[in-house]
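Participant: The chain contents come next:
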Amino acid sequence: MFDNLSQKLDKAFKTLKGQGRITEINVATTAKEIRKALIDADVNYKVAKSVTDDIKEIALGREVLISVSPGQLLVKITHEELTKLMGGEKQEISLKGDPSVILIAGLQGSGKTTFSGKLAAYIKKQNRNVLLVACDVYRPAAIDQLKVLGEQVGVEVYTEPDNKKPVEISKNAIEYAKKNNKKVVIIDTAGRLAIDEQMMNEIAEVKKAIQPSETLFVVDSMTGQDAVNTAKAFNDRINFDGVVLTKLDGDTRGGAAISIRAVVEKPIKFISTGEKMDALDVFYPERMASRILGM
Amino acid sequence: LGKTQVDDEVLDNLEEVLVTSDVGIETTLKIIGRIQDRASKDKYVSTSELNTILKEEIAALLVGDTVPDSKEFEIPETGGLPYVIMVVGVNGVGKTTTIGKLASHYHKNGKKVVLGAADTFRAAAVEQLELWGKRVGVPVISHGMNTDPAAVAFDAVKQAVDMKADVVIIDTAGRLHTKVNLMNELSKIKRVIQKFIPEAPHDVMLVLDGSTGQNAVIQAREFTKATEVTSLAITKLDGTAKGGVVIGISDQFQIPVRYIGVGEKMEDLQVFNKHEFVDSLFENAN
Ligand SMILES: Nc1nc2c(ncn2[C@@H]2O[C@H](COP(=O)(O)OP(=O)(O)OP(=O)(O)O)[C@@H](O)[C@H]2O)c(=O)[nH]1
Ligand SMILES: Nc1nc2c(ncn2[C@@H]2O[C@H](COP(=O)(O)OP(=O)(O)OP(=O)(O)O)[C@@H](O)[C@H]2O)c(=O)[nH]1
Ligand SMILES: [K+]
Ligand SMILES: [Mg+2]
Ligand SMILES: [Mg+2]
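Protein sequences appear in the order of chains W and U. Following this note's numbering, the numbering of the first sequence begins with 1 at its first residue and continues without gaps. Following this note's numbering, the numbering of the second sequence begins with 296 at its first residue and continues without gaps.
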């Protein structure tokens with residue numbers, strides 16, 4: 001629909017007075033087109049509104065610079081803004097502590113377990129001794145799933161099949177890591193809804209008990225408008241350090257990336273781009289901006 | 296209260312509520328257009344009239360009966376052969392869980408259920424379905440991991456016939472609709488089943504995650520191309536996501552929403568009710 005956003009914007013300019021120039025009047029109309037495009041890309045309604053308001057201001061300020069295509073200029077400004085919004089310094093995950101502990105959290109089916117396996121492989125490649133920990137005590141075969149992935153990447157998986165208490169399991173796993181010279185501990189947890197009080201208490205307690213050096217919030221890049229609620233709720237409870245965007249190997253625009261960034265101001269640290277254990281990448285804000293704009 | 300003018304402010308609010316429920320701009324504008332048309336006859340309508348019109352218009356976009364048939368969990372007559380349901384969708388939406396829940400409902404209704412573990416790819420996918428089978432108390436046909444999913448599906452259907460089962464539900468691996476090979480694999484699974492029962496699968500159920508945004512529209516289009524989807528299930532509606540994207544999907548592809556998932560437990564599957572769904576869009580809306 002907005003593969004040709006700049007063409008569309010050009011057209012909008014032409015039908016307006018003072019074509020070829022950015023004015024209060026035509027920028028308002030074209031900003032509406034941009035807002036629609038952002039919403040179509042699943043950027044949250046309110047976030048899209050505030051982003052386009054900013055873009056309007058900037059566009060008016062740059063009036064003198066207009067050359068051939070005001071549409072292109074607006075798309076360029078939008079692209080820059082989105083990049084800035086999602087970007088900043090590239091941020092690594094923190095591997096402080098001995099062992100350093102990484103806690104993985106998120107909604108059901110977002111890709112936590114798969115990502116845990118990938119992260120273990122990624123860290124192992126840096127010659128660090130990793131331990132995966134199975135703290136999803138609910139989902140059928142969740143422990144088996146992590147075990148299979150651990151085997152695939154050659155990383156030991158700590159499990160306590162009969163223990164239903166994630167706080168205990170994670171604490172025991174860290175003790176085990178200390179005794180067995182494991183330098184990094186990755187804790188996979190069950191998927192949970194942000195409004196599930198009991199489950200949110202559980203993850204908050206796990207975090208409190210193990211004091212991770214890094215807490216990552218894993219989110220499906222196909223998520224729609226609800227991304228803001230979920231991200232905010234998880235952040236309020238576990239104050240995560242970074243975001244992992246998954247399933248970007250599909251064709252989703254991934255507007256949730258902007259929404260999340262706007263509500264919690266936490267960096268996106270990794271992207272997940274497939275089911276295989278090497279389908280992990282760092283996040284490039286400008287690429288994501290292009291994707292969201294369908295460029 | 297008195298009359299409200301259906302003015303820009305009312306319509307802007309409506310736009311916000313709909314878009315925030317993932318209805319999408321296009322469908323939102325379609326709904327707003329219809330409201331404007333109806334309201335133009337009578338410039339002032341009461342708030343309650345407006346609400347009624349609104350809900351009617353949205354419900355009209357959703358294909359299928361307005362009030363769910365209480366017999367929804369019953370199985371249509373197929374002339375003595377098992378009713379074959381093939382379940383498809385992208386990764387992690389809730390296919391396997393929905394199958395477990397469906398199996399439980401059918402089983403409780405006294406039906407003989409067989410499950411087919413044709414996700415032979417995702418780590419521990421077979422174990423997951425087997426645990427559901429055990430939980431519900433129904434047999435799961437599997438060839439283990441990394442085997443040919445079409446062969447599993449064929450075998451499951453065949454064994455269901457042999458066992459004189461009423462229904463067989465085939466689980467498939469999650470796949471993104473952009474992966475051509477994997478989409479072809481689905482078409483193949485379907486063809487192989489048809490070798491055994493030509494009119495099967497009687498139902499190809501596309502599972503959509505209720506928190507998914509506009510990408511769900513493309514999912515519906517692509518899965519329909521590959522397998523002729525005949526019903527939708529929308530999961531994870533126990534959260535704050537509204538799942539509004541199904542309105543446009545149901546309208547555009549003329550596929551009914553049959554079930555909604557409202558939790559992770561066996562009983563957390565409900566027959567889709569248009570009115571309740573439409574009402575839920577406006578719950579907690581400011
Ligand atoms: N295509 C694709 N699939 C992915 C990606 N990451 C995960 N998946 C798939 O998504 C599905 C869900 O992934 P899981 O890792 O089980 O998700 P989870 O968050 O652990 O799920 P729960 O534990 O049930 O909450 C599986 O089919 C994975 O193979 C990705 O980046 N791309
Ligand atoms: N809250 C909630 N969680 C659900 C619902 N349906 C499924 N889930 C959870 O979502 C996660 C993924 O469910 P699965 O059934 O494994 O999804 P799938 O589509 O089979 O996943 P793949 O086979 O990996 O593609 C699991 O943690 C389920 O418990 C639902 O209606 N509500
Ligand atoms: K809901
Ligand atoms: Mg998991
Ligand atoms: Mg599955």
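Don't read these hints as lab results, they were simulated from the structure. Mixed in with the good hints, there may be bad ones.
Result set (DMTMM-like, lysine to aspartate or glutamate): computed pairs, CA atoms no more than 20 angstroms apart in a straight line [what the hints assert, rightly or not]:
hint, chain 1, residue 1, chain 2, residue 2
1, W, Lys32, U, Glu562
2, W, Lys49, U, Glu571
3, W, Lys46, U, Glu311
4, W, Lys32, U, Asp457
5, W, Lys49, U, Asp457
One-sided excerpt, in silico: chain W residues whose CB lies under 10 angstroms from chain U [unchecked claim]:
hint, residue
6, Ala28
7, Gly87
8, Val137
9, Arg139
10, Leu146
11, Lys247
12, Gly250
We put the beta carbon where it would ideally sit given N, CA and C, even for glycine.
Participant: Please go over all the hints and tell whether each is borne out by the structure.
Facilitator: Status of the hints after comparison with the structure:
| no. | hint | result |
| --- | --- | --- |
| 1 | Lys32(W) / Glu562(U) | 44 angstroms, violated |
| 2 | Lys49(W) / Glu571(U) | 30 angstroms, violated |
| 3 | Lys46(W) / Glu311(U) | 9 angstroms, holds |
| 4 | Lys32(W) / Asp457(U) | 61 angstroms, violated |
| 5 | Lys49(W) / Asp457(U) | 60 angstroms, violated |
| 6 | Ala28 | 14 angstroms, violated |
| 7 | Gly87 | 22 angstroms, violated |
| 8 | Val137 | 13 angstroms, violated |
| 9 | Arg139 | 8 angstroms, holds |
| 10 | Leu146 | 8 angstroms, holds |
| 11 | Lys247 | 6 angstroms, holds |
| 12 | Gly250 | 4 angstroms, holds |
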